[in-house]
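Student: Read top to bottom, the protein sequences are chains A and B. When the letters of the first sequence are read in order and numbered with our numbering, they come out as residues 1 to 231. When the letters of the second sequence are read in order and numbered with our numbering, they come out as residues 1 to 197.
By construction, these hints were calculated from the structure, which means they are not laboratory data. Glycine included, C-beta positions come from ideal geometry on N, C-alpha and C. Some hints here could point you the wrong way.
[To be verified] Label-pair restraints from in silico Cβ distances:
(1) Leu-79(B) x Arg-91(A): 24 to 34 Å
(2) Arg-83(B) x Gly-134(A): 26 to 36 Å
(3) Ile-208(A) x Ser-102(B): 41 to 51 Å
(4) Ser-217(A) x Asp-120(B): 49 to 59 Å
(5) Ser-211(A) x Leu-79(B): 31 to 41 Å
(6) Asn-143(B) x Arg-207(A): 31 to 41 Å
[Said to hold, decoys possible] Only pairs whose alpha carbons sit at most 20 Å apart, straight line, appear in this in silico SDA-like list of lysine to any residue:
(7) Lys-161(A) x Thr-142(B)
(8) Lys-88(A) x Lys-58(A)
(9) Lys-161(A) x Gly-171(B)
(10) Lys-161(A) x Asn-143(B)
(11) Lys-70(B) x Lys-124(B)
(12) Lys-56(B) x Ala-195(A)
(13) Lys-113(B) x Asp-94(B)
(14) Lys-58(A) x Thr-142(B)
(15) Lys-161(A) x Ala-46(B)
(16) Lys-88(A) x Asp-127(A)
(17) Lys-113(B) x Ala-66(B)
(18) Lys-70(B) x Ala-125(B)
(19) Lys-161(A) x Arg-146(B)
(20) Lys-110(A) x Ser-125(A)
(21) Lys-56(B) x Glu-80(B)
(22) Lys-56(B) x Lys-161(A)
(23) Lys-113(B) x Lys-124(B)
(24) Lys-56(B) x Ala-86(B)
[To be verified] Some, not all, of what chain A presents toward chain B, calculated at C-beta under 7 Å:
(25) Ile-172
(26) Val-175
(27) Ala-181
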Amino acid sequence: MTRVDHLSFERLDVDGALAESAERAWGMSRGTFLAAAAGGSAAVIGLTARDAAAQGGKLGARDVAILNYALVLEYLQSSFYTEAERLKALRGDAAEAARVVGSVERAHVKAFRDVLGSKATKRPSFDFQGTTEGQEPFLKTAVAFEDLAVAAYKGQATRLKAQSALTAAVSIHSVEARHAAWMRYLVGANPARTAFDQPKSKSEINRIVRSTNFITSRASTQRKKAPRFTG
Amino acid sequence: MTRAAQDRFRRSDLLKRSLVVGGAALGGAVLSGAPRATDAAQNPDADIRALNLLLKVEYAEAALYAEAIKSGALDGELLEFARQVAEQEQAHLDFLRQQLGSRADRRPEYDFKDATEDSDSFVKAATELEDLAVAAYNGQATNVSRAALEAAATIVSVEARHAAWIRSIVGRLPASSATDSPKSADQVLESLSRLEG
């Protein structure tokens, strides 16, 4: 059992790096951004604090497993965007998107790590197989990652028992969908292909992630294969 | 992925397979395209209340897009957006009404006159309404049965896509914060009445 550190979710929206990115990328003033972000997080925290108290601040084994699964997906995304930003191979809107979305995914990682504490899965090593080194492979991979994240959250978040965890997960799920639409727009694909977004099971998600060979911290004999671009 | 993480994933897969009810609901969703949310046995009244609130939001969205398309104020990407999104909101509306059956609230009268007169006003209203939809769905997540939650989850991410899409079209930041905060039923109703004008 792990203690629910509901306060950690409070830091999601007011992460300093995130505010700085928004300012750099979009000319939003820091004050404007922080005001908007703080307004957003207050409601989330109001719920999580109340619910965590009601449950005695405990997370069950299943919830811990689900949050760790989300954490691995957030590691994957945040490492991808951080690397793309560092390599400086992107230009224009794609570079801005990598910067802003990267900050958000890093904030998600931090929130899950804080909530899970010592139960948090470690960050694996990644090899993005060159997809962070060029505009087009970056955007296609970003679309695949974001659509995957939406389907994964949808498949698992609904199984969370703790209300605090469910509230947090759904509030992240829809942000991933915003990212998916954003990346799709940048690559010239339809941002909302269907009226209903379907979930994907853990085994489907795991199979897709494995097929990319992006995760290298375990023995692998397969070679390069780009993630399926579903645009 | 670490070996420990892999082991955790495998254990959870076993757990998932044992959840027959959830599995059946999802299987149906994949087959028909639209989700099924018919299992509100534990507290049907709570589900009915929540789904009727979401139906109100969908009515407002469908009405806004229909009125905007009819007004002739939109062209190019915005018109393309409005047409596609109008169809998707109609699909959401049909789905919710089907779930609610005879307990579905009637369609209110809407008049978005000012909001559909020019493209700038339309963008403002549509952005606000799509964000409101996301907040409304997120806000009901903890109030409904698991089946209703799974169904609503297939819709809320599409609303979020719409919210980011229209911002992209007009060059605004498509996703500005790390979380989408929920809105309570009262907050949603208040925002709706303000938007209806």
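Student: Now tell me, hint by hint, if it's right for this structure.
Tutor: Consistency of the hints with the structure:
{"no.": "1", "hint": "Leu-79(B) x Arg-91(A): 24 to 34 Å", "in the structure": "holds (29 Å)"}
{"no.": "2", "hint": "Arg-83(B) x Gly-134(A): 26 to 36 Å", "in the structure": "holds (34 Å)"}
{"no.": "3", "hint": "Ile-208(A) x Ser-102(B): 41 to 51 Å", "in the structure": "holds (42 Å)"}
{"no.": "4", "hint": "Ser-217(A) x Asp-120(B): 49 to 59 Å", "in the structure": "holds (50 Å)"}
{"no.": "5", "hint": "Ser-211(A) x Leu-79(B): 31 to 41 Å", "in the structure": "holds (39 Å)"}
{"no.": "6", "hint": "Asn-143(B) x Arg-207(A): 31 to 41 Å", "in the structure": "holds (34 Å)"}
{"no.": "7", "hint": "Lys-161(A) x Thr-142(B)", "in the structure": "holds (10 Å)"}
{"no.": "8", "hint": "Lys-88(A) x Lys-58(A)", "in the structure": "violated (43 Å)"}
{"no.": "9", "hint": "Lys-161(A) x Gly-171(B)", "in the structure": "violated (39 Å)"}
{"no.": "10", "hint": "Lys-161(A) x Asn-143(B)", "in the structure": "holds (13 Å)"}
{"no.": "11", "hint": "Lys-70(B) x Lys-124(B)", "in the structure": "holds (18 Å)"}
{"no.": "12", "hint": "Lys-56(B) x Ala-195(A)", "in the structure": "holds (17 Å)"}
{"no.": "13", "hint": "Lys-113(B) x Asp-94(B)", "in the structure": "violated (25 Å)"}
{"no.": "14", "hint": "Lys-58(A) x Thr-142(B)", "in the structure": "holds (17 Å)"}
{"no.": "15", "hint": "Lys-161(A) x Ala-46(B)", "in the structure": "holds (18 Å)"}
{"no.": "16", "hint": "Lys-88(A) x Asp-127(A)", "in the structure": "holds (17 Å)"}
{"no.": "17", "hint": "Lys-113(B) x Ala-66(B)", "in the structure": "holds (12 Å)"}
{"no.": "18", "hint": "Lys-70(B) x Ala-125(B)", "in the structure": "holds (16 Å)"}
{"no.": "19", "hint": "Lys-161(A) x Arg-146(B)", "in the structure": "holds (10 Å)"}
{"no.": "20", "hint": "Lys-110(A) x Ser-125(A)", "in the structure": "holds (17 Å)"}
{"no.": "21", "hint": "Lys-56(B) x Glu-80(B)", "in the structure": "violated (24 Å)"}
{"no.": "22", "hint": "Lys-56(B) x Lys-161(A)", "in the structure": "violated (28 Å)"}
{"no.": "23", "hint": "Lys-113(B) x Lys-124(B)", "in the structure": "holds (13 Å)"}
{"no.": "24", "hint": "Lys-56(B) x Ala-86(B)", "in the structure": "holds (15 Å)"}
{"no.": "25", "hint": "Ile-172", "in the structure": "holds (6 Å)"}
{"no.": "26", "hint": "Val-175", "in the structure": "holds (6 Å)"}
{"no.": "27", "hint": "Ala-181", "in the structure": "holds (4 Å)"}
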